[in-house]
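Asker: So the protein sequences, as listed, match chains C and A. If you're matching positions, the first sequence starts at 1 in the working numbering and goes up one per residue. If you're matching positions, the second sequence starts at 115 in the working numbering and goes up one per residue.
Source of the hints: derived by calculation from the structure; they are not laboratory data. Mixed in with the good hints, there may be bad ones.
Result set (BS3-like, lysine-lysine): computed pairs, CA atoms no more than 25 Å apart in a straight line [to be verified]:
id : chain 1 : residue 1 : chain 2 : residue 2
1  : A       : K136      : C       : K42
2  : A       : K123      : A       : K171
3  : C       : K42       : A       : K123
4  : A       : K171      : A       : K136
5  : C       : K42       : A       : K187
6  : C       : K42       : A       : K179
Computed, partial: chain C to chain A, Cβ under 10 Å [said to hold, decoys possible]:
id : residue
7  : Q64
8  : F91
9  : G106
Bear in mind the structure is a predicted one, so any value in this text is a computation, not a measurement. A virtual CB, placed ideally from N, CA and C, is assigned to each residue, including glycine.
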Amino acid sequence: EPEVTQTPSHQVTQMGQEVILRCVPISNHLYFYWYRQILGQKVEFLVSFYNNEISEKSEIFDDQFSVERPDGSNFTLKIRSTKLEDSAMYFCASSFSGGEETQYFGPGTRLLVL
Amino acid sequence: AQRVTQPEKLLSVFKGAPVELKCNYSYSGSPELFWYVQYSRQRLQLLLRHISRESIKGFTADLNKGETSFHLKKPFAQEEDSAMYYCALRANTDKLIFGTGTRLQVFP
Numbered sequence: 001e002p003e004v005t006q007t008p009s010h011q012v013t014q015m016g017q018e019v020i021l022r023c024v025p026i027s028n029h030l031y032f033y034w035y036r037q038i039l040g041q042k043v044e045f046l047v048s049f050y051n052n053e054i055s056e057k058s059e060i061f062d063d064q065f066s067v068e069r070p071d072g073s074n075f076t077l078k079i080r081s082t083k084l085e086d087s088a089m090y091f092c093a094s095s096f097s098g099g100e101e102t103q104y105f106g107p108g109t110r111l112l113v114l
Numbered sequence: 115a116q117r118v119t120q121p122e123k124l125l126s127v128f129k130g131a132p133v134e135l136k137c138n139y140s141y142s143g144s145p146e147l148f149w150y151v152q153y154s155r156q157r158l159q160l161l162l163r164h165i166s167r168e169s170i171k172g173f174t175a176d177l178n179k180g181e182t183s184f185h186l187k188k189p190f191a192q193e194e195d196s197a198m199y200y201c202a203l204r205a206n207t208d209k210l211i212f213g214t215g216t217r218l219q220v221f222p
């Protein structure tokens, strides 16, 4: 069964550094999402992406964040200058279409900012 | 504001006991409600959704619009049901709004 994959599984970085989190959505899916979960808190929506553009973003998704689909398979989340409070588990998800379609989640990347 | 509330952080039961994981939501329109499950060291996966009205792994959930609830139930818990359970709401966009989750522990 196809799955969403994410790399790396863990990343440690220094405050102020740039990080890129990578995701490979399920191959025929067209809608892509990033969520994050700070330790002990709820899973929060960051951004949704369709047809090579952002379709929705949350208040968390400020100018430090960007997303890109650089080729036909990868979907990346970049944090330009990491802050301590960016430490969290970041989940990528994809769905075949929007609306009622199920979102399939990746295993997550645990980001630790020191 | 759109919000999902799961009042219990932890629910512990013995094998064979009934289970009810509570979920309440706040949304003025017609919501879509989901239950996602995360087993130890595994990814979030969809357990069930209210529009399907199906039973998965013995779990059911009924949307009660009057009480704005979508509680997850199973008549006889099994040890393999031990996991984190997240209730989620989809309102008028594609994003999912999650509750804080309930950890279910089923003891032998």
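Asker: Are the hints correct? Go through all of them and say.
Answerer: Hints and how they fare:
no.: 1; hint: A:K136 - C:K42; in the structure: holds, 16 Å
no.: 2; hint: A:K123 - A:K171; in the structure: holds, 22 Å
no.: 3; hint: C:K42 - A:K123; in the structure: holds, 11 Å
no.: 4; hint: A:K171 - A:K136; in the structure: holds, 18 Å
no.: 5; hint: C:K42 - A:K187; in the structure: holds, 22 Å
no.: 6; hint: C:K42 - A:K179; in the structure: holds, 23 Å
no.: 7; hint: Q64; in the structure: violated, 20 Å
no.: 8; hint: F91; in the structure: holds, 7 Å
no.: 9; hint: G106; in the structure: holds, 6 Å
Consistency with the previously given hints fails for number 7 only.
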